Amino acid sequence: MWLVRPALPGDVNQILAIAGTVDSETARLSSTLPRQREALAEKIQHSQASLAGTASSDSQPPRILFVLEDTATGRIHGTAGVDARAGNGQPFYNYRRDALIHASHELGISSRVDVLYPSHGLTDHTLLCSFSITPELRNTDAFELLSRARILFIAGHRDWFTHRVAVEIQGVQLADGSVPFWDSLGRHFFNMDFDTADQHSGLLSKTFIAELMPPNPVYVTLLSESAQAALGQPHELTVPNLELLQREGFQAGCYLDIFDGGPVLEARTDALHTLVISQPKALHGAIESEVESVVEDGGDLCLIAAGEGAGFRCTLAKAAGTLEGTLKVPVKVWEVLEKTAGDQVRVAPC
Amino acid sequence: MWLVRPALPGDVNQILAIAGTVDSETARLSSTLPRQREALAEKIQHSQASLAGTASSDSQPPRILFVLEDTATGRIHGTAGVDARAGNGQPFYNYRRDALIHASHELGISSRVDVLYPSHGLTDHTLLCSFSITPELRNTDAFELLSRARILFIAGHRDWFTHRVAVEIQGVQLADGSVPFWDSLGRHFFNMDFDTADQHSGLLSKTFIAELMPPNPVYVTLLSESAQAALGQPHELTVPNLELLQREGFQAGCYLDIFDGGPVLEARTDALHTLVISQPKALHGAIESEVESVVEDGGDLCLIAAGEGAGFRCTLAKAAGTLEGTLKVPVKVWEVLEKTAGDQVRVAPC
Amino acid sequence: MLVIRPLKETDLEDLYAMAQKAGKGLTTLPADRDLLQRKIAHAQQTFNQRCAPEAGLYLFALEDTETGKAVGISGIQARVGLDEVFYNYRLSVTVNASKELGVHVRTPTLHLSNDMTDTSEICSLLLSDDYHGGGNGLLLSRCRFMYLDEFRKHFSEKVFAEMRGVSDEQGRSPLWDALGSKFFDMEFTQADVLSGLGNKSFIAELMPKYPIYLPMLPDSARAVIGRVHGNTAPALKMLQAEGFNFNGMVDIFDGGPVVEAFVNTIRTVRDSVNRHAMIAKKPINLNVPASERVMVSNRSFRNFRVTTVPASCISTDTVSLPPAVAEALQIESGDPVRLAPLKEKPKAAVHALG
Amino acid sequence: MLVIRPLKETDLEDLYAMAQKAGKGLTTLPADRDLLQRKIAHAQQTFNQRCAPEAGLYLFALEDTETGKAVGISGIQARVGLDEVFYNYRLSVTVNASKELGVHVRTPTLHLSNDMTDTSEICSLLLSDDYHGGGNGLLLSRCRFMYLDEFRKHFSEKVFAEMRGVSDEQGRSPLWDALGSKFFDMEFTQADVLSGLGNKSFIAELMPKYPIYLPMLPDSARAVIGRVHGNTAPALKMLQAEGFNFNGMVDIFDGGPVVEAFVNTIRTVRDSVNRHAMIAKKPINLNVPASERVMVSNRSFRNFRVTTVPASCISTDTVSLPPAVAEALQIESGDPVRLAPLKEKPKAAVHALG
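Read top to bottom, the protein sequences are chains D, Z, B and Y.
Reading the first sequence from the start, the letters are residues 1 to 350 in full-length UniProt numbering.
Reading the second sequence from the start, the letters are residues 1 to 350 in full-length UniProt numbering.
Reading the third sequence from the start, the letters are residues 1 to 354 in full-length UniProt numbering.
Reading the fourth sequence from the start, the letters are residues 1 to 354 in full-length UniProt numbering.
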């Protein structure tokens, strides 16, 4: 079975291996998943402290990292994270795209001038981040489980999170590894290649962005043509993820990633599809074989989450309702969720 | 009965008189309603051309001015307008308020810095404007009729308008006539008093704004305290109008008036309450007396609009539905709407 | 004899002919009769002190006294940016550095600036082709420095000149193509002409207001910022010899540099001396090379006249002038005159310090 | 005798005492032993050419040879803004005008600027109270211009000085209160000290990046922009006499002006002459007023020494120096020396032109 659970210190090696796998094929899927052992260990440690409720201060709001585990093998196949407050107590940088109209009444000229404004407008929004998955699982149910389990976590810990949620989608990177938006803008100011900047941006201190980012707005018309074309466009490999997020209710607004110009999706937390359709249910206590057959025959595939904080578990299984309003699931699901008959779970149709 | 209809050239004197009345008590209710005879006559002329479909070009999109008439006396008691495209083919100026986070990781300092960016973001949105009403009618049904009739006009001429609609609400003006936001910002650059600037802004050419407005963003913290307090706040006399618009579905966003710092409300055109709940109906053909009594006894007070372009009429009356889906109204309503049995009207509950 | 004198109404046709020949390069003097006529009238009002001093436009003609024709023109605008907004780009540097990452980047940046407002500009220099050489261009240009010095209170302490920027034979400007054209939906020459005609509100309306980071422009555009058109190189060299320096401002359209100098440090001003005129009885050979001639002015505000005479005419307190020269300058014996070198003195002498 | 020489390790305590007395005004020399020790070490490396020329920090001590104590200090930073980003505000003008409405408004505006980057700065002047007067301050300041001139290739063509801005007796700055404090959540003195300590990344993080329109600031703040603190007025006057001018830049915290000059136009540089030293056998009365003394330097890069001698010691090719002076300068008969006036020459002579 597929299980999403909080990352543990012992997961470091396997996560690094995934980062490696992903790396080789797609250049990267998430700049917020560190590729350095030490930074990753620290991130997991902070996630554990967040889950234990010992790390929540204004300067260090909760940041949680989940992993996708195959319970049969114990192997980890993906990661997904959620930061309670984008920027984590520091400014969260984006470009906000806006238009000015340059018009001359006398000359009868009017043209739309697009401007990229440095913005911290998404600071303190809840942020989905650190998503990575092994290539063979793309477009499977496990992919959907990994992404949506975070929403069920939010649903179960609503007061940890703010009322707006955002997610950055990787922008256009060409086959040769070049990033047109970066090459036309950021490179001139940061004086480093895209990957280096991208890795730095995963670190806690964003001082280097304040120091190196051009302080004034930028005219889109002065970007290279390929950079203009890349503005707000997702990397083709992120399209399945993008579509999944759109089904979740996320929409692209006026914000763009400052490094690659990729789109930033936004949604109201309380309007997230999975959150809206999810329901708390008690587990039905029944004889094992009976439940199995009922569920296998007539049940619907559901995301089922249970547990609080470090005990959070989320899996994917067929489930069926009962007349009393309880939820019938195969007993192996009980085991994976570490719950038993009568315990509360949260369920959302797949 | 109260009737809203397109303004006619002969209305100029009465409209000027209202502008005068309103003026004496509330300083102003609309900067887009000219106080000069010539400018007003031109506005009415353009409205007529718009309604006739002879004025709709990209550089001169439709701008329509309605009046509120007491059919008993023929007197005009108010005006309301709608511009199909804010800016009317030229830039529409606002400030967009946004926050930057100025934070130093090393010093552990983080503060929110509000910035006003010159913006044309609302250009080409449909704009409700030129609202004025004689003081004794404030908070009456006639007030509501005058404001909402425009929405019924939009509903009946949907393709003349865009998918977003905005309305500027007058900002704070003190008892002594001073405008704190203007005195702290605009005055330094425009070198004129608020009323003069406000009147200029009602004119077609916005060249003077491009010429005189400070070209760079402005830090809110450098405004006077009273100007900061006035940001996004409505003039107290506009509160009834503001509340009516909020019921209509309008919400304040991040845009502010460049002169007085008043709020700009925004809505999706297709989500406007009056538009959503309005229905096309045929007028029920019935014996006069019968209808009168049915309607007077059991009918609901409704906005009823009919007619296209220059023939648009909107009034307020009790009406009742029939089993066949037609609408029973008093026959005097037929007269006011210049319609008869079987004719199509558009009705919205009050 | 060639004499500098105030431009007058009867010069219109000569001026128009020169403007036509000059073509697109000279935007302050477009070949437009009405406009030129207005300029002449403005200059006349200025010399006759019938306009506010700060609105003054001082236009001088170089007249060939044999034909009575104007064969050159040059001017001083008392103050720029009073009627219209005067725009330049200031070439500045933005530094971004991170100690932590060891990154230090300097980004040349263009900032829209009105900082030349209220400064005097030397402008509108034009010399008929037939009269090139022989120091005529120098006379036409430098006579203005004598005037600036004589009547300092009418001008700012600092004066500047806008130099024509780089464009190709078709009049295409690389900076315009890379920058201006993205914001102004027109050709460079059209923008230049509009700007020259004096209605600059379209600049306020269409111009980008935020700074332009140069690395975002193509090499061809960056290369011409602060550089002058080939035809203007000699004029730049002359002004540099006078003590004018690039002040970091460039033209918003073609990137041509602005050069400036304090009036009191301009070489012509520093090297000028006052003498009294003495009408010579003996004949004087006026026909000496430019390098041996000096400028002599009549020091008149309303009827400023300058011509050149051999340096050998100068003595301790006086300068000997042939009757024809005195007549051209409209002076008599005993009148004060001002003298200044037409060409630079040898450089060696100047740098012989320390 | 008072002699200028490179600052050295043993000056630490004297320097610390002076820095303590100077208090908050002098941010480049805070009373912090570690920092001062690092500065001394940096200066020593500079004089010994053990650091890159552009990273050089030239610090000179004024030593009282009788006590061996350092009683003053002054310095030159070879280039600013290389390690750290160097910020100023540029005081500029924004013009908005509408011909149609007859409105023309000039708005003084502060633009954040890094334009002094890569320029040499004269800095860190401090003189012990007991030694004020007698031209000691002039010696301490002007010796730097002799050094700049001698070793021009180590410095930029233009040099500048930041002048302390206006603050009250409690150290409160009106500009800071109206502007900086709104963005930096700290006191002026704290910001000033942080900036002096050399870590300026907090400025990049907290500083407002968009231009500041001055009419939005209170009168008290506008009044101090480009003005110097009362205590600094004499220093400003001295620099102006040397040919330094306000260049339109002001300090981002207190609004104090930046003054600048081209090295080759600095009066001390222009008025300096080279001679050969001749050890005098006859006694020379060194005790003459400052106005009759001249500076004499040994022209050494690594061991630059300057003191003053009576102007009467100078003859056509040589200068007569008493043995004690020669010893203080560490020179022998026949060695080249450089001379420059300690005080200005009478002004009348200079302006006797035209």
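Keep in mind the hints are simulated off the structure, nothing from the lab.
Computed from a prediction, not measured in an experiment: that's the story for all the values here.
Glycine residues also receive a C-beta, built at the ideal position from the N, C-alpha and C atoms.
Don't take every hint at face value.
Computed beta-carbon distance windows for the label pairs [to be verified]:
no.	chain 1	residue 1	chain 2	residue 2	range
1	B	241	Y	292	37 to 43 Å
2	D	229	Z	136	57 to 63 Å
3	B	220	D	201	32 to 38 Å
4	Z	175	D	59	57 to 63 Å
How the hints compare with the structure:
The given range of 37 to 43 Å is respected by residue 241/B and residue 292/Y, whose C-beta atoms sit roughly 39 Å from each other. Range check, residue 229/D to residue 136/Z: Cβ separation about 60 Å, and the 57 to 63 Å hint holds. The hint said 32 to 38 Å for the Cβ distance between residue 220/B and residue 201/D, and at roughly 33 Å that hint holds. At roughly 45 Å, the beta-carbon separation of residue 175/Z and residue 59/D lies outside the given 57 to 63 Å, and the hint is violated.
Consistency with the previously given hints fails for number 4 only.
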